[in-house]
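Line by line, the protein sequences are chains H and V. Its first residue numbered 1, the first sequence is counted upward by one per residue in the working numbering. Its first residue numbered 1, the second sequence is counted upward by one per residue in the working numbering.
In short, the hints are calculated from the structure, not lab data. The C-beta atom is built at its ideal place from N, Cα and C for all residues, glycine as well. Hints should not be assumed to be uniformly reliable.
[Claimed, not checked] Listed next, with one range per pair, are the computed distances between beta-carbon atoms:
hint	chain 1	residue 1	chain 2	residue 2	range
1	H	Leu128	V	Asn172	47 to 53 angstroms
2	H	Glu185	V	Asn172	36 to 42 angstroms
3	H	Leu17	V	Gly253	28 to 34 angstroms
4	V	Thr55	H	Lys23	17 to 23 angstroms
5	V	Ile94	H	Glu95	48 to 54 angstroms
6	H	Pro22	V	Arg217	55 to 61 angstroms
7	H	Asp115	V	Asp198	31 to 37 angstroms
[Said to hold, decoys possible] Think about it this way: if two alpha-carbon atoms lie no more than 30 angstroms apart in a straight line, the pair counts; the simulated DSSO-like pairs of lysine-lysine are:
hint	chain 1	residue 1	chain 2	residue 2
8	V	Lys131	V	Lys93
9	V	Lys174	H	Lys166
10	H	Lys34	V	Lys131
11	V	Lys131	V	Lys213
12	V	Lys174	H	Lys23
13	H	Lys123	V	Lys213
14	V	Lys31	H	Lys161
[What the hints assert, rightly or not] To list a few chain V residues with every Cβ distance to chain H over 10 angstroms, as calculated:
hint	residue
15	Leu19
16	Arg133
17	Lys159
18	Arg161
19	Leu180
20	Asp233
21	Asp272
22	Arg321
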Amino acid sequence: MYYAAPVAILIDELTKLPGIGPKSAQRLAFYLLKISPENAKDLADAIMNVKDKIGFCNVCFNITEGDMCELCCDFDRDDSLICVVEEPRDIIAIEKTSSFKGRYHVLGGAISPIDGIGPDDLKIRELLDRLKDEKVKEIVIATNPNIEGEATAMYLAKLVKPLGVKVTRIASGLPVGGDLEYADEVTLGKALEGRREM
Amino acid sequence: MYLQNLKLLNFRNHKKSSLNFSLGINLITGKNSQGKTNLLEAISVLLIGRSHRTTLNDTLITLGEELSLVKGDLVGGSKKECVEAVFRLGETKIVKINGVRDQKTKDLRGLMNTILFSPEDLRIAKGGPDKRRAFIDEVGEQINYDYNHLRWKYLRTLKQRNDLLKLVAARNQKREALDLWDEKLVSTGSKFIYTRRDVVKKIRPYCERIFSKINPRGVFTIDYVNDFKDSEDVEVDFLKKIKSIREYEMGRGVTLVGPHRDDLELCVGGKDVRLYGSQGEQRMVGLCLKLGELELVQKERKRSPLLLMDDVLSELDEEKRGALLGFVSQLEQSIITSTSPDYFKCVSVGEINLIEISNGSIKEMGCLKA
Ligand SMILES: Nc1ncnc2c1ncn2[C@@H]1O[C@H](COP(=O)(O)OP(=O)(O)OP(=O)(O)O)[C@@H](O)[C@H]1O
Ligand SMILES: [Mg+2]
Ligand SMILES: [Zn+2]
């Protein structure tokens with residue numbers, strides 16, 4: 001099928017989004033062709049807005065509007081505990097369970113040679129810097145329970161244990177091979193409570 | 001449970017078809033390229049979760065169409081489950097059970113075991129090791145709930161390590177990075193080897209016994225061949241081995257030890273049939289492996305599997321055909337394709353439900369007494 005160039009470009013861009021195949025991209029493109037110019041502008045503005053205003057927290061690399069995220073600024077949280085996750089969206093999943101009151105650290109992914117990601121591409125050095133602070137007694141590794149998440153957890157445990165910080169891994173009541181993001185609140189809450197030492 | 005009926009929409013050369021199956025033997029006949037294999041393939045993608053001919057779902061959809069449906073009722077006791085597979089061009093398959101989309105299930109093994117037997121299976125002794133690994137996997141996934149997950153985990157770890165070997169060779173990653181993946185490969189790999197060992201140990205006596213029943217003078221043996229065959233502690237030996245060949249592996253950019261290189265040694269009279277067997281012996285071995293699979297699954301799952309058999313009868317001599325049909329007649333249900341119903345004339349297998357296909361259209365011919 002052939003489309004006018006602007007439509008083809010739009011479909012092309014949409015296909016780059018995660019979870020969107022050529023068919024869905026085509027559907028979305030035709031939907032966008034039909035909406036009013038105002039609605040289209042609202043969508044474009046919203047996208048530009050997050051790009052302008054949102055950055056990464058200086059401390060934990062969560063997404064934030066300022067230099068430091070809300071969770072890092074919160075005085076009531078426990079400084080002795082850091083939960084290590086792959087992506088900012090994992091923080092949201094864990095926060096929903098309300099069973100964790102410590103701090104977070106976002107790695108920005110997991111070790112995966114297939115995707116060309118090695119330890120140096122993740123915020124691991126920054127995590128080690130945070131552990132120099134005497135206050136931290138334990139890190140809870142909450143990377144995804146898939147091959148890459150497990151490998152990353154193992155790698156971190158080897159680095160961190162010699163520093164005298166306790167390393168725990170969330171229990172594997174989670175769907176194996178799955179993403180944290182999709183785990184429901186109850187399972188994820190239980191997984192946090194039942195964490196085991198590595 | 002058994003498959004009571006099937007509806008097809010735009011599945012290969014079946015535009016719109018609907019047919020009923022009975023318990024016992026269902027025989028699908030028709031001339032070449034009328035749609036017999038396509039019909040079995042439809043049942044296979046629905047109940048086994050994959051096709052034996054292709055991994056490209058789009059080719060299943062009738063050319064020029066965008067959507068294909070395969071739908072059937074599974075009946076057992078007082079229970080009835082409506083199962084359905086939906087294919088849309090360029091999208092992943094959707095499975096529905098009683099109209100509700102099922103996110104997790106990629107196949108319906110939980111409801112029913114289905115085994116496909118095609119002429120390819122008769123050539124398993126002659127083909128490459130990948131064919132024999134696939135056989136172990138097929139048996140494993142039916143008797144061990146965890147098997148596929150374990151296998152997938154190993155293959156994914158293997159791919160990660162292979163990619164890393166290439167990155168290290170190109171100096172895009174430090175070689176110490178391999179330590180982590182060595183450990184992961186060894187831990188998932190040893191578990192997988194132990195599991196396969198167990199699968200082969202379970203199926204071996206069934207196949208060997210069936211062989212000597214058909215051919216009392218012959219002795220058939222199956223052995224699981226892998227890099228750590230006689231190892232007491234696979235994990236320790238695997239790690240040792242992989243450390244010792246690291247330089248070599250870096251040069252090649254692939255992992256050279258592990259269960260991805262497994263094989264089955266199939267011997268008749270003490271001689272490897274792949275190297276020394278006659279064509280007849282090789283087919284006989286293929287037949288015994290398949291019948292062994294049927295018997296083992298029946299025993300382990302405590303229910304009769306559905307057998308789908310594509311064109312196998314024409315490939316066998318009378319003796320083997322007789323043995324096969326004797327076996328088939330004891331199953332709760334089988335669906336068999338053949339260009340001619342003649343093979344059933346000389347053996348008594350009871351009643352047969354006859355179905356004729358011509359150019360994708362299906363005619364139910366009713367009961368044939370054999
Ligand atoms: N996606 C498709 N769309 C339309 N027709 C198709 C499609 N895929 C396959 N066919 C056609 O279906 C026909 C029947 O194929 P099938 O393999 O079922 O034949 P068969 O009855 O098993 O024949 P044989 O006895 O030779 O094995 C073939 O002629 C093939 O061209
Ligand atoms: Mg055929
Ligand atoms: Zn922060």
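Just pull the numbers of the violated hints for me, sorted ascending. Failing hints, ascending: 1, 5, 10, 12, 13, 14, 17, 18 and 19.
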